[in-house]
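Residue strings, one per chain:
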Amino acid sequence: MLLGKAHKFGNNIDTDAIIPARYLNTHDPAELAKHVMEDADAKFPGKVKPNDIIVAGDNFGCGSSREHAPVAIKAAGISAVIAKSFARIFYRNAINIGLPIFESPEAADGIKEGDEVEIEFTIGEIRNVTTKKNYKATAFPPFMQQIIKAGGLIEYVRKKLHG
Amino acid sequence: MTITEKILAAHCGKDNVRPGELINARVDLVLGNDITAPLAIKEFLRIGVDKVFDRNKVTLVPDHFTPNKDIKSAEQVKMMREFANRYGITNFFEMGCVGIEHALLPELGLVMPGDLIIGADSHTCTYGALGAFSTGVGSTDMAAAMATGEVWLKVPDTIKFVYKGRLNKWVEGKDLILYTIGNIGVDGARYKSMEFTGEVIKGLSMDQRFTMANMAIEAGGKNGIFEPDDITIKYVKDMIKRNNLKRAYKLYKSDPDASYSKVIEYDCRTIEPQVAFPHLPENTKPISKVGTVKLDQVVIGSCTNGRMEDMRIAAKILKGKKKHKDLRVIILPGTQSIVKQMIKEGLYDIFLDAECVVSTPTCGPCLGGHMGVLAEGEKALSTTNRNFVGRMGSPKSEVYLSGVAVAAASAILGRIGSPEEL
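These protein sequence lines map, in sequence, to chains A and B. Position 95 of the first sequence, counted from 1, bears residue number 305 in our numbering, the numbering being contiguous throughout. Position 373 of the second sequence, counted from 1, bears residue number 1160 in our numbering, the numbering being contiguous throughout.
Since the hints were derived computationally from the structure, they do not count as laboratory data. Bear in mind that the values here come from a model prediction, so they are computed numbers and not experimental data. For every residue, glycine included, the Cβ atom is placed at its ideal position computed from N, Cα and C. One or more of the hints may lead you astray.
[Said to hold, decoys possible] Stretch by stretch, here's where chain A covers chain B in the computed footprint (C-beta under 8 Å, at least three residues): (1) 823-830; (2) 855-864; (3) 883-892; (4) 970-984; (5) 1100-1110.
[Claimed, not checked] Derived DMTMM-like pairs (lysine to aspartate or glutamate); straight-line CA-CA distance at most 25 Å: (6) A/K370 to A/E335; (7) A/K244 to B/E1163; (8) B/K865 to A/D325; (9) B/K951 to B/D1083; (10) A/K346 to B/E808; (11) B/K941 to A/D238; (12) A/K294 to B/E1052; (13) A/K253 to B/E808.
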């Protein structure tokens, strides 16, 4: 269970907005975190606090395959991303690196900028503490739950290969 | 089954697969570049294996910031080079051999019809032009595939696109895919396979098909795919001969009773050259409705439109002319062998005489990396694939997308315009 403040974004937030390519000459998470969401909101890296939550519209993370996008979000201390829907590669990348993501059109609509949000990660229950409304995220298929449970794809593969 | 389902089934040892099914598939090739591979290498080393699954099937292409734009990017490529040496990876492309990955790999015969390819680059979907299943993934997926030779995939639904009629003058594969994205939106094919069919497609060259498959991701697609035909077979045979390869390939076709989540038909007689306005590839307008958009820069090339046929279209329009005095023009060929062919055919002279810059093959300007970045307030027309905020430089610059003919004509006009205006 985590409590954080919501930062709202619109539809089609692309990976260039999440982490512009001009910063991709490094893969250091701390460096990337300094520029997270910069081209969507230049003030964001300065105002984001640990455990904060990103709440967005449709097709979050569209565009490039750069894993630097979920890496930057995670390294900035953001605890989860809630969206109406996620672009395919971003979705994979988030699961693979262990960034909690939740698909819930209702929550994405119902949560406003600055609302306090609580998420029960294991069952995908989202609670807007400010308005006292509850939402349920789309459940992950069992196979993906195994990757999440292992702590990401690398840990999952390690276990598979080394037992 | 569709062609996509057949290729996926063949790579997970099943007779058939259904949309929605999760599979563990064997990969024929794993690709990474100088942005994504360093992160993949870092993750690979955490797995704790002493070799890659097949040293001939891992391809490392440092093309994004080549020639290395600064110390940090040089360090990234150094990491790739050392990894390639340590693990005996045969396909690491040093500067001088490197080209833009999605132009380079087909040219060298590293991707073939029927293959299953994953790449840590979203435009890996380009190889669908050959009748391969090819999709973009992230660095961790690349790392896991380098270790195991496998990738987890959800079998996608397929949307069938049928292009009917005939192409209007100056309309290219690029215009068809921009029109399609404009029609269905940037998430119109999210998680789905896009199958490109119809009488117009049958007449399209391989270079035009690569351009279309390249942009499947801009509609959110998992892959974009063409059934291999005589044009594909000729391209593949030439490529095998040129590179002296001994490699089998397999031609798959969709069954007549294959099931599609949607079938969308377009009458190409109604499609004009297209321009996508900032800041999404779906913001398309036909060239006749563009209005006056003055330009500061034109870029012709990239993994989308940097192949030989694209260079020839641009040269035909720019021959004997000069670019407009108020803008800069960057010609961005995909590979060294394309550069060589351009010199041989006199295209290089045409571009230089027109006062264009001919770049070394690099992704550079397309992603605002280097070699032609935009300042605040500047507008560019580009034959690349993305026009997101800040994509080619300043977050306060604007990018418009088009095919090669419109871009070349606009370079002369100083504003977005049609070759018909020249």
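For the pair supplied as a hint, B/K865 and A/D325, confirm whether the alpha-carbon distance does not exceed 25 Å.
-> 45 Å, violated
Would the pair B/K941 and A/D238 pass a check requiring their Cα atoms to be no farther apart than 25 Å?
-> 30 Å, violated
Three residues minimum, CB to CB under 8 Å: does the stretch 883-892 of chain B make the cut for coverage by chain A? Let me know.
-> violated (count 0)
Count the residues of the stretch 1100-1110 of chain B with a beta-carbon closer than 8 Å to any beta-carbon of chain A: does the count reach three?
-> With 0 residues in contact (Cβ-Cβ under 8 Å with chain A), the coverage given for the stretch 1100-1110 of chain B is violated.
Measure nothing beyond the straight line between the CA atoms of A/K253 and B/E808; if it is 25 Å or shorter, mark the hint as holding.
-> Outside the cut-off at roughly 42 Å; violated.
Satisfaction of hint between B/D1083 and B/K951, Cα-Cα up to 25 Å = Distance of about 36 Å is beyond 25 Å: violated.
Is the hinted pair A/K370 and A/E335 satisfied, with a Cα-Cα distance of at most 25 Å?
-> Roughly 30 Å between the alpha carbons, so the hint for A/K370 and A/E335 is violated.
Quick one: see if chain A covers the stretch 855-864 of chain B, three-plus residues with Cβ-Cβ under 8 Å.
-> holds (count 5)
Below or equal to 25 Å on CA atoms is what counts here, so check A/K244 against B/E1163.
-> With Cα atoms ~22 Å apart, A/K244 and B/E1163 stay inside 25 Å; holds.
Proximity test - 8 Å, beta-carbon atoms, the stretch 970-984 of chain B to chain A, at least three hits = holds (count 4)
Under the criterion that the straight-line Cα-Cα distance not exceed 25 Å, is the pair A/K346, B/E808 satisfied?
-> Holds: A/K346 and B/E808 sit about 24 Å apart, inside 25 Å.
8 Å C-beta criterion, at least three residues: is the stretch 823-830 of chain B covered by chain A | Our answer is that it holds, as 5 residues pass the Cβ test (under 8 Å) against chain A, meeting three.
In terms of the numbered hints stated before, the structure departs from hints 3, 5, 6, 8, 9, 11, 12, 13, listed from lowest to highest.
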